[in-house]
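Novice: Residue numbers (this note's numbering), protein chains in the order written: chain A, 1144 to 1540; chain B, 1144 to 1540.
There could be a bad hint or two in this list.
Note that identical chains are pooled: a pair holds if it fits in a single copy or bridges any two copies.
Said to hold, decoys possible - With a straight-line Cα cutoff of 27 Å, these simulated BS3-like cross-link-like pairs (lysine-lysine) come out:
#1 K1171 - K1240
#2 K1278 - K1148
#3 K1176 - K1450
#4 K1148 - K1378
#5 K1148 - K1240
#6 K1479 - K1531
#7 K1378 - K1278
#8 K1494 - K1171
#9 K1531 - K1450
It should be emphasised that the hints constitute simulated quantities derived from the structure, not laboratory data.
These are the residues of each chain, in order.
Number of protein chains: 2
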Amino acid sequence: MIDQKLVSWGRSGNIIREIAEYGAEQAKIVGPKNVYNFTIGSPSIDPPAIIFETMERLRATVPPSELHAYSPAAGLPEVREKAADFLNRSFGSAYRKQDIIITCGTSTALAAMIKVLLSCGGRAMTFTPYFMDYKYYVESVGAALTECPTMPESFQLDLEAAERALTPDTMLLIINSPNNPSGVVLRRESLEALARLLERKQREYGHPIYILADEPYRDLVYDGQEVAYIPSFYKNTVYCYSFSKSVSLPGERVGFMALPPEMDDHDDIAAAAMAVIRAFGYICVSTMWQRVAIDCIGATSDISVYKRNRDRLYGALTEMGYSCVYPDGAFYLFMKTPEPDAEAFCRRAMKENLLVVPGDSFGTPGYVRLAYCVSPEVIERSLPTFRKLAEEYGLKS
Amino acid sequence: MIDQKLVSWGRSGNIIREIAEYGAEQAKIVGPKNVYNFTIGSPSIDPPAIIFETMERLRATVPPSELHAYSPAAGLPEVREKAADFLNRSFGSAYRKQDIIITCGTSTALAAMIKVLLSCGGRAMTFTPYFMDYKYYVESVGAALTECPTMPESFQLDLEAAERALTPDTMLLIINSPNNPSGVVLRRESLEALARLLERKQREYGHPIYILADEPYRDLVYDGQEVAYIPSFYKNTVYCYSFSKSVSLPGERVGFMALPPEMDDHDDIAAAAMAVIRAFGYICVSTMWQRVAIDCIGATSDISVYKRNRDRLYGALTEMGYSCVYPDGAFYLFMKTPEPDAEAFCRRAMKENLLVVPGDSFGTPGYVRLAYCVSPEVIERSLPTFRKLAEEYGLKS
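Could you build the full structure based on these sequences and the hints that come with them?
Specialist: Here is the structure:
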């Protein structure tokens, strides 16, 4: 009576959460200090002080029955306006209040836009490695997700592969830079070349091809690395932002999407997005948290901790002989496993209470993801175990 | 390129919100005191003090990076356990932690369960009048919603009509008591009779028929009215609860659903629900608010204000000659319009800055909904306008 595909999706669960839960159980047995949990991308750095100052200010000045009331489904008008203003100041764009939809992180935005843009059929495409939930969003509307490979080792865009992967029924591409799970920031030139390719394909296929720019990690970049703003050179881009990582509020679910006024079918898409958000049962985003977050837009947690973690972990692991993708952003390190079967490596590491996630879950076998948004001590304590495994696998040391 | 059905849904918008927004605009022109806004069911009574005390306690004792971290998709284990314990204490049920899924209000629960239970086809049924979003949840998965009439005037269940409306492909019924928009509490005997009818139909059709019990208003009843707990006499019931109304936190989106362990296909449904929640882009319910709400379960806002509002409004309107359904619960009054066209009545009332919602939006023409979760002064100030309209329509006074 129940679609067995849904049942098996539900049963297979989320491997990241499962390994994390195993870690929590192990911590009870061997002590939390002896479990090195690199599984989940939940920031260990506290939100910046301005978050709580803003919350206090709102609680002191707005009556509770207003601060916790329903907000309109697309967000409070003043919150939408502030988001538009911020983008316009930052990127020279021309968003209006009505081009912004406040969402529960980028996940809502992606799930809803995928249903909208594939509502008359077609397929979606993304680049490996990618956040595994994309597949659920696409397949749950009865469509297929094309996984386009990127360049070996660097994980930068492979334009020739992209051209081969595009088909006349490709309606949208999901682009995630800085990338989860690789930490790679896509280079501006390659994104601009992709935009030119898409412009050509739009003409060839006779329909728009949209980019969903999934950018929860935009503010988490190190050494002044640039994150190209895709809508500035490709108008059919829906920009999706989240406050989850930048201000360490992943559990509170606030973000937004921005639809350029000049985007093809703008008004139809904006209207259909509201219908889908309603049909999914999203009444509104937390009224309090959307007000808090928007008043702190531009602030970030102290990301210098992540940078130090990255430097320490990347340095130590490569020195041990592991091969890693150099991460310019996010808080993930993508490490080649010393045996081809990444899941086998994960199981072996689990026995040592070292918890990492196989790249298979991100469409990229032979790698593991290390979420280094942990306290620096976790990294230090984990290194002897990484070294032990490196020696067992006979890596150069 | 975009499904025009979605576009038109999005364009048609939410009539309640639209009238409410008109009211907000009018308030700027004639002053907020001169707009009598009965459109939106957002509580005017503050949350009980325990909500904020709990929030302060959690903020003082839980590190921010934990209090605002991701929670598991089904909710924090301790939150699920507390919800199960509360239900078991209150209703003598035997829910386990794993039978509870924390949701963003009942809307998520309904939208997700409708997709799950109709995933192999079939149709849904509900009783008029009903909350309009049910139709979106059902139609967006490509299915149809049967609107079964209730008894004239009383809006209690009409068992004969229900039997006629049931078809071999009816997979689920949505029951909302206390009811939005009528305020009616369905009588236990009629619900038990419905349960017996469904038991018989399940055998006849050879498949389970599920009840989704949408109960955000369970705690808002007056004069000791009983709200029957449907799962206690019909095992295939998914109980859906929200903290939105009981503790005045509608904008913060916390609720849960409970799946009886003995329910048919329990494990498949629980697994598929998690897949759908994930596919809709719900990563988790606000981690902070789920912890706050569960620690206050059983508390309510000071609902004596709503009772006084009900008594005053019902008394005054019936005295003016209006015909109203007596509301035992929720904070809605369903009033028969003095002309058959409820929308015409609404437009006429709008000219007097009296804002009410036509019953057509709830599948029941000829009525308007008055959300009386307003301050008592709004009611007092509105009465002369109601009286003026009654006189214009020639009602007895």
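Novice: Indicate, hint by hint, whether the structure satisfies it.
Specialist: Against the structure, the hints come out as follows:
1. K1171 - K1240: between (49 Å within a copy, 20 Å between copies)
2. K1278 - K1148: For K1278 and K1148, both the intra-copy (13 Å) and inter-copy (25 Å) Cα distances are at most 27 Å.
3. K1176 - K1450: Cα proximity of K1176 and K1450: one copy only (22 Å, versus 55 Å across).
4. K1148 - K1378: Between copies, since 25 Å is at most 27 Å while 36 Å is not.
5. K1148 - K1240: For K1148 and K1240, the Cα distance is within 27 Å only across copies (25 Å; inside one copy 40 Å).
6. K1479 - K1531: within (16 Å within a copy, 78 Å between copies)
7. K1378 - K1278: Close inside one copy (25 Å), not across copies (34 Å); limit 27 Å.
8. K1494 - K1171: within (15 Å within a copy, 66 Å between copies)
9. K1531 - K1450: So K1531 and K1450 pass the 27 Å test inside one copy only (25 Å; across, 69 Å).
When the structure is compared with the earlier hints, no violation turns up for any of them.
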